[in-house]
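Here's the letter readout for the chains.
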Amino acid sequence: MLGYLVRRILVLIPLLFSLTVLLFFYIHAVPGDPIAGMLGPDSTPELIARLRHERGLDLPLWEQYWRWFAGLFRGDLGISLINGAPVTPIVINRIPATLQLTLCSLFLIVAIGFPLGFLAGKHQGSWIDRILSPTALLGLSTPAFWLGTLLILIFAVRLGWFPAGGYIPFSEDPIESLRRTLLPAFALGINLSPLLARLVRAATVELKREPFVIQASGRGLKPNTITRRYLLRNAVLPVLVIVGMQLGGLLGGQVIIEQLFSWPGVGRLLVEGAVQRDYLLVQSLILVVAVIYVLVNLAVDVLHASLDPRVKL
Amino acid sequence: MNLIMRRQDSLVDAVAKARPSGGAKAITLRAIVANRRALTGGLLTAIVVAIAIVGAFWTPYDPLTFDAEHNFAGPSWDHLAGTDIYGRDIFSRLMAGAKVSLLVATGAVAGSFIFGTALGVISGMFKGAVDAVLTRVIDLMLAIPGLVLAVGVVTLLGPSAVSVTIALIGVYTWQFARIIRASVVAVRDRPYVEAARGLNMGTWAIIVRDILPNVMPVLIVQSTTAFAWGILDEASIGFLGLGVQPPAPSWGSLLIEGRQYMYQAPWLPIAAGAVVAIAVLGVNLLGDGLRDIVDPRSDGVKS
Amino acid sequence: MVRKTRYAVTTGAILAAALILAACGSGSGNSAGDSSGATQPTSGATGESSAPSGGALHISAAEPSAGLDPATAVTQASKRVMELIYDTLIDYNEKNELIPMIAEKWALSDDKLSYVFTLRANAMFSDGNPITTDDVVYSLNRMQQSEALKAQLAGVTKIEATGDHEVTVTLDAPSRVFLNALATVGSAAILSQKAVDGNADYFTKPTATSGPWYLDDIVSHGSATLKANGHYWNAGYPKFATINYDFATDSTAMAAALETGTIDMTYNMVPADAVRLKASGAIDNHLAPSAGLIAWGLNKSHSPFDNKDVRQAVAYVVPREDAMQTCWSGIGPVSYGDLIFEGQNFYAKGEQRFQLDKDAAIQKAGQLLDSAGWVMGSDGVREAKGVTGVEDGTKLAFNVPYENSWAQARCNTEMLQQYLKPLGVAATPEAYDKASFYSDAGAGKFTMYHMGNNYATVDDYIGQTFTCEGSANAILTQYCNERVDELVNEARATDDVQKATDNYRQVQDIILDEQPVIPIGAQYAAIGTSPKLQGFYPRADASNRSLIYATLG
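Residue numbers (this note's numbering), protein chains in the order written: chain A, 1 to 313; chain B, 314 to 616; chain C, 617 to 1169.
Rather than coming from a laboratory, the hints here were simulated on the basis of the structure.
Mixed in with the good hints there might be a few duds.
[To be verified] Now the stretches of chain A that chain B is said to cover, found in silico as 3 or more residues with beta-carbon under 8 Å:
{"#": "1", "region": "12–23"}
{"#": "2", "region": "130–143"}
{"#": "3", "region": "174–187"}
{"#": "4", "region": "240–254"}
{"#": "5", "region": "264–273"}
Just so you know, these numbers come straight off a predicted model, no measurement behind them.
For glycine and all other residues, C-beta sits at the position ideal for the given N, C-alpha and C.
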């Protein structure tokens, strides 16, 4: 187990290092001068030269890379090309909203996906199963922005039960905050829970065939007890798998949903940077998201391996 | 996307166990009609493609003409999907936008097909250092979530249909490469390949004659899946304002307008989103069906 | 397996709890949701410190990306923040009259060349230090060299402190508009010399500022928090103790937030939203009737628009009322030839030359084009026939760029395409990158293009747009007429409002004939506020300084 962990981390280090190298050249891959493009009509050669100097763009490449790389370890993600503001506080400012949406979405994914998958698996072949499966497929294939739009149309515009978006910090007004989180989390939940439901269903179906379950039935245990004691507990494993798989994407990549619901998360920040052509903000953000993704996947794989003896390390 | 890869892994296993003449030949028109999912998906896809082709030459109304007196009209026989704030017919704009979306998706699939297959085959066939390096590169690129990477590339190149296509190629190539490589690795040690080597056939000949036909089923399914993703991602990136720029109508810009005028014209976002959803659903179903045809055992979960 | 499952669930629960705590914890730290009461900045200097009646105002608007340096930050987004943290010597009231701010009173010398400003004794910066004549002289010098006010203050020859609370400014010629320059919100800020000179990065987070609020915190792509200046000279003001200023880019979201009451004010409203919400009673909609115009820029250095008749012809046919109605939801005046509109200073109605019905307009325009040598081709597009310097058969077709981020410009340009078609002119809209739009327009790369501007005063607007040396002229209008310059300079110098009005009327008549650009109307800013906001009024310079006197409910 420890060996597995060490091996995985050893592989991870060159990966992350290569990532920084790849992303460092992002700014320098811009066709044309990034500073001139950003300044637009207000640019004069002196202004461009001054800004290039201020942002350290006139240093030799390796030295620029070293500065940036060393800064990463201090938590310094660089300075925005647009207004010289440090990037790290900008990103940190987005964390609460991102975390809130992630947690609520995960909760809904499990709350919707697990019971449905479990029921479908337990009553395999019955009318429940036959209805739930195509429904799951529909939820899975519907684009997130359309789901979100429909939810807004129905629940915000027509019924007026929820606001059409926006974010209020939980600490400021818990009820309002949760009200606003519900629709976007629901959109994500409907979109992503079918994956969970499928796995849970498959796991439950397999479990029903396991000797120890059949044996329990033979011993005369009531179906409910069997359900509770054996099936439920063991069907939890796929939940962890799915949660792990989705966590990385939820934390860093929910660009569409955040845009639709005006949710000030990390994904939306990426779009803001992209629209403004703030190359450094985009660069640092991609790095942050990729690192989160990689680390979360590693953690989930380790957790999965430690829980499921069938997984060979 | 992870889950899709895991499904494909089992498909890869199935392919490895299959006979050399492989599953690609199983994809016949009759097989498609017989498989419910492939049939439904195929029909939907065909409808969308037909609309796109027709839309390139003719639409009920000019997608660009303003008709301010009839703005925000609801769906009717005159305007199947209603009109927008400037009185433009939404259905015509959807038809015109279909062309762009499908072109971008096609371009993205074609590009990543070529590059991904090349990478995967080279990595799988030439083992050793080449394989090790390429695998690391593939892993590296897969570490960045797809839409995030695509937005990054579009930022560099400026928003346009071409840059979206390039960005999507940059995202899908690695998935193709990974899948192809796994297929190639599974097949390369089969007896008939050994035999071919024994007969001193050139590496490229082996690749073309023996490897590729076996990899084809995986490629076909992966291409279909990527096509669905391409439609979806093009619309998504357009929705973010980073795609095809107006006045050219695209599904992405229609989604933006839909959101802006949700209160005055709810049929706009419904129509725009429905079209994208149907296209994606259709192509996905087709892909699922094709995978079934190629190997009925690959998906243990019946849906 | 069971034990491990329990272990997994416990780990998951702990992880979830940790994440929740992190979310809540950082939420309170970084959110802009602080509605505490009055806060007094430290520093033991004497002077009045007023306790605002409290309450927080929640604004959502564009981020001041151009920064907060009055000398260089000329964008509206920056001015909206600067006007809240910096005071000027003079300001405007709701009737657009000049009122004293930091300058308690001012006197004009008999030769009309010197202004003596008397500063308030109780004027203080937010750190409690008094605003001295040194600070005012320093700030005025800075203004004179600044991008923002260089042109308006070009006639200033001497700035000096002439007393404990007196500053005298001398001009080289009498000017009616000099005081207006000093009332320019944001740009004419009075800064603390000590504070600015003492910190090379002063403007990343200005401290010791002169305005009714001071900047407590600012996070890019996030928000800014403004707190009431306890040392502000105007006792009892500002009423709001805190302003939470969220930076947003999405007009749809801002409108929705205003509608649900999440925010109290926004001023980047899409006209359609503003009209809809006002109609439903959800918001109050204030219009800032700022001087300026929306027009079609024309490249007059070569064909086809080097010919005045061609310009007139197109001017007959472009959409005017239809464009204002469709694209701006009827917000803002329509121009049929005027440059200054009803409700603005110096308004005098002139010939409404272009107010013809569509068919008559096309006929008239067609005649003009025919006589200019542009005849209708077989494909419905006109072509040159006997036009000097143009090969016969050249089509009257060109691209019309517009700023791609300006939705109304896109609408207007697409309408233009439709309206010019029957005339035989093929105008193709082109979405142009905002970053390069102005420099390329100035470099003469476009034939016809969409332009618009807004200014604080009519004098500024006419001056910058139509005089040979005007800043907007170089980039957008590209027109130099000595007679126009003469008329404008006279208008700016004279005290006589009627004379100024007459001069501007003559300028408009010249422009009507020459059509160096084709004005179709003006864009008024739509400011949406909560119905509970009292005491706020919009101003002609689009400033929100009336917030000083405003309260919520």
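Exercise for review: Taking the numbered hints from earlier one at a time, note which ones the structure violates and give those numbers from smallest to largest.
Suggested key: 3
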